[in-house]
Amino acid sequence: MKIIVCVKEVPDTAIALKIKGDSPEIETENIPWVINPYDEYAMEEALRLKEKFGGDITVITFGQKRAENILRNCIALGADRVLRINDESIKNRDGLVTSKILAKVIKDIGYDIILCGKESVDYGYAQTGQMIAEFLQISCVLAIKKLDVSPLNKEAICHREIEGGLEVVKCNLPAVFTAQKGLNTPRYASLSGIMKAKKTKIETLEPDAWGFKPKIRITNLSYPPKRQEGKIIKGTLPDTAEELVKNLKEARLI
Amino acid sequence: MSGKEIWVIAEYGEEGIKKSAWEAVSAVRLLSENLKTEPAAVILGNGIGRFAEELSKELNRVYFFEHPLLSKYNANTYVRCLYYLIKEKNPAIILAAATFRGKDYIPRLSARLDCGLISDCIGFEADNGVSFKRYVYGGRLIATVKFEESEPCIITIRPRSFAYKKTGTVNGEILRIVPNIEQQDIMVTIQEIIKETGKRSDLSEADVIVSGGRGMKGAENFKLLEELADVLGGAVGASRAVVDAGWLPHTFQIGQTGRVVSPMLYIACGISGAPQHLAGMSTSKCIVAINKDPNAPIFKIADYGIVDDLFKVVPVLIEEIKKSKKN
Ligand SMILES: Cc1cc2nc3c(=O)[nH]c(=O)nc-3n(C[C@H](O)[C@H](O)[C@H](O)COP(=O)(O)OP(=O)(O)OC[C@H]3O[C@@H](n4cnc5c(N)ncnc54)[C@H](O)[C@@H]3O)c2cc1C
Numbered sequence: 001m002k003i004i005v006c007v008k009e010v011p012d013t014a015i016a017l018k019i020k021g022d023s024p025e026i027e028t029e030n031i032p033w034v035i036n037p038y039d040e041y042a043m044e045e046a047l048r049l050k051e052k053f054g055g056d057i058t059v060i061t062f063g064q065k066r067a068e069n070i071l072r073n074c075i076a077l078g079a080d081r082v083l084r085i086n087d088e089s090i091k092n093r094d095g096l097v098t099s100k101i102l103a104k105v106i107k108d109i110g111y112d113i114i115l116c117g118k119e120s121v122d123y124g125y126a127q128t129g130q131m132i133a134e135f136l137q138i139s140c141v142l143a144i145k146k147l148d149v150s151p152l153n154k155e156a157i158c159h160r161e162i163e164g165g166l167e168v169v170k171c172n173l174p175a176v177f178t179a180q181k182g183l184n185t186p187r188y189a190s191l192s193g194i195m196k197a198k199k200t201k202i203e204t205l206e207p208d209a210w211g212f213k214p215k216i217r218i219t220n221l222s223y224p225p226k227r228q229e230g231k232i233i234k235g236t237l238p239d240t241a242e243e244l245v246k247n248l249k250e251a252r253l254i
Numbered sequence: 255m256s257g258k259e260i261w262v263i264a265e266y267g268e269e270g271i272k273k274s275a276w277e278a279v280s281a282v283r284l285l286s287e288n289l290k291t292e293p294a295a296v297i298l299g300n301g302i303g304r305f306a307e308e309l310s311k312e313l314n315r316v317y318f319f320e321h322p323l324l325s326k327y328n329a330n331t332y333v334r335c336l337y338y339l340i341k342e343k344n345p346a347i348i349l350a351a352a353t354f355r356g357k358d359y360i361p362r363l364s365a366r367l368d369c370g371l372i373s374d375c376i377g378f379e380a381d382n383g384v385s386f387k388r389y390v391y392g393g394r395l396i397a398t399v400k401f402e403e404s405e406p407c408i409i410t411i412r413p414r415s416f417a418y419k420k421t422g423t424v425n426g427e428i429l430r431i432v433p434n435i436e437q438q439d440i441m442v443t444i445q446e447i448i449k450e451t452g453k454r455s456d457l458s459e460a461d462v463i464v465s466g467g468r469g470m471k472g473a474e475n476f477k478l479l480e481e482l483a484d485v486l487g488g489a490v491g492a493s494r495a496v497v498d499a500g501w502l503p504h505t506f507q508i509g510q511t512g513r514v515v516s517p518m519l520y521i522a523c524g525i526s527g528a529p530q531h532l533a534g535m536s537t538s539k540c541i542v543a544i545n546k547d548p549n550a551p552i553f554k555i556a557d558y559g560i561v562d563d564l565f566k567v568v569p570v571l572i573e574e575i576k577k578s579k580k581n
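These protein sequences, in sequence, are chains G and U. In this text, residue positions in the first sequence follow my numbering: the first is 1, and each later residue adds one. In this text, residue positions in the second sequence follow my numbering: the first is 255, and each later residue adds one.
If you're looking for bench data, these hints aren't it; they were derived computationally from the structure. Using N, Cα and C, we set each Cβ at its ideal position, and we do this for glycine too. Hints may contain errors.
What the simulated footprint calls covered on chain U by chain G, stretch by stretch (three residues with Cβ under 8 Å from a Cβ of chain G suffice, anywhere in the stretch; the number is not a length) [stated by the list, open to error]: (1) 258 to 266; (2) 545 to 555.
Which residues of chain G face chain U? A few of them, derived with a C-beta cut under 7 Å, are [what the hints assert, rightly or not]: (3) R48; (4) K50; (5) Q127; (6) F135; (7) G182; (8) N184; (9) P186; (10) M195; (11) N220; (12) E229; (13) G230; (14) T240; (15) V245.
Taking lysine to aspartate or glutamate pairs in the DMTMM-like style, the calculated list, with each CA pair at most 20 Å apart, reads [said to hold, decoys possible]: (16) U/K326 with G/E163; (17) U/K539 with G/E250; (18) G/K65 with G/E25; (19) U/K400 with G/E250.
Please build the complete structure, drawing on both the sequences and the hints.
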């Protein structure tokens, strides 16, 4: 089974971010970068599929040199091959360009199952997996919380999240699955894995000659309006609860 | 862009056209006024003529795809139908709600058309060419995004970002289309829908959300929050600490790696207010925090706070609300 995992590095989710001057970019110096949390579930599911059915795992990221850190961690976890598509030469790319290039690279490698996170927590467009599937003309199931693959029948049954519940869906393979939290509990890398990862050379691809044009562009970044710090209702029960209800009623919230 | 239509693709469920779809209808109306274009709706299904009629009371034109294979939602048939109609009619903008369905087929559609997609928008500005606003970095920043030569431009809007009002005053035409689709177009089939414990769980459309954190101390105590949610006609949510402890399933989680919600009223009980939690709820209209720690960060963004033991506050609160509803 040929398994592909697409991962991305994102700024740590807990830190405050600064906008760089009046550019539409953030300050990226000296901030901690992590693997996109949803991609961790995708990686873990890949490892489980390999344990069950055999095969090999290729992990791809589209990013800067710095992103090699997350690839190394994927080797430590058990990836067979990692690949960085170098984006340092591409000034402007949108999700469409990213997906086109990923689809092209994935096609060359060959695939049975492609796993992505359901969205990245930086831009949060929630589109890469679906677009890759459309470019490759294969199935895509979004935000999965359970995956049962049947390689013999070339199909999979999965649970995908919808508003207010879950859908059980059946799809043909090959397919793209995007991972939602709840799919699994990611493991930690072993010490021997970490040692091995240190020595592995990371392959790099240069996409600059491919010439796809972005269709959308970020023109500005701003900080969201600060919420006014509200008031602490002083006193003791039941007065505090009564006061709260009075306020909510006046604001027509209840 | 003028002269061309702006389309909204309307989503529906068993209960009818979804609230988020009506919000999308309002967004399309607003956009069309600003851009001097005509608004129209697209709806796909089987035996849902009544929904097409409902839409025709709000918009000038409704494209209604009807086919037995459309009786269940499927991304491949949706993309196929929409692709051909878009090629024929050349709309300027296509808009849908950023629901799970919208997120499923819209990116595929945009890839098929090789068109730009700006997803999960919360607003737009129409001066100097239209631009769209959306949250990035888990709500820590807001980005303004523009299209560059994309025909059409595709947008999804975050539920609860646009107010909606049905007018019922338009007498639009309904164009029924029987598409040429086949069973073999379908790559993913829905076998079963498992609903999460009834009405309390549809967080994205709830006006009131009562949310519990680690301070709830155990699964059994969520009965208390359900009771509070019931008197307010709301839904129950949770922090990640609750989900990680196994007290509630992940569908209830609010935050950066859970649902992003924006209700009128959000009541946080025993939640500290970590940045990842705030990412999922800080756009709520009114936030109430109940926490026994006066230094909990949640108080920094709450409109009203009560510093006390939630197990004492919530029962009194339920009684006070019941009382207030009587007068
Ligand atoms: C990558 C990543 C993604 C994450 N995504 C999310 C996410 O989507 N959603 C999310 O919520 N978190 C998320 N987190 C976790 C987040 O950082 C916090 O750990 C989590 O939100 C804490 O949950 P909590 O507020 O319930 O618990 P705590 O921080 O432990 O707070 C419990 C609060 O309850 C109060 N309390 C205790 N007992 C009582 C009582 N009897 N009465 C009143 N108050 C009481 C305490 O004073 C305390 O403030 C994420 C973390 C990471 C690293």
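Hints, one by one, checked against the model:
1. 258 to 266: violated (count 0)
2. 545 to 555: holds (count 4)
3. R48: Interface hint status for G/R48: violated (18 Å vs cutoff 7 Å).
4. K50: Status violated, d = 24 Å.
5. Q127: holds, 4 Å
6. F135: Since chain U brings a Cβ to about 6 Å from G/F135, closer than 7 Å, the hint holds.
7. G182: holds, 4 Å
8. N184: For G/N184, the interface hint is violated, since the closest Cβ of chain U sits about 12 Å away, which is over 7 Å.
9. P186: At about 12 Å, which exceeds the 7 Å cut-off, the nearest Cβ of chain U leaves the hint on G/P186 violated.
10. M195: At 30 Å from the nearest chain U Cβ, G/M195 fails the 7 Å test, so the hint is violated.
11. N220: holds, 4 Å
12. E229: holds, 6 Å
13. G230: holds, 4 Å
14. T240: Since chain U brings a Cβ to about 5 Å from G/T240, closer than 7 Å, the hint holds.
15. V245: Nearest chain U Cβ about 4 Å off; hint holds.
16. U/K326 with G/E163: Roughly 16 Å separates the two Cα atoms, so the pair holds.
17. U/K539 with G/E250: holds, 14 Å
18. G/K65 with G/E25: holds, 18 Å
19. U/K400 with G/E250: Roughly 40 Å between the alpha carbons, so the hint for U/K400 and G/E250 is violated.
The earlier numbered hints that this structure contradicts are 1, 3, 4, 8, 9, 10, 19.
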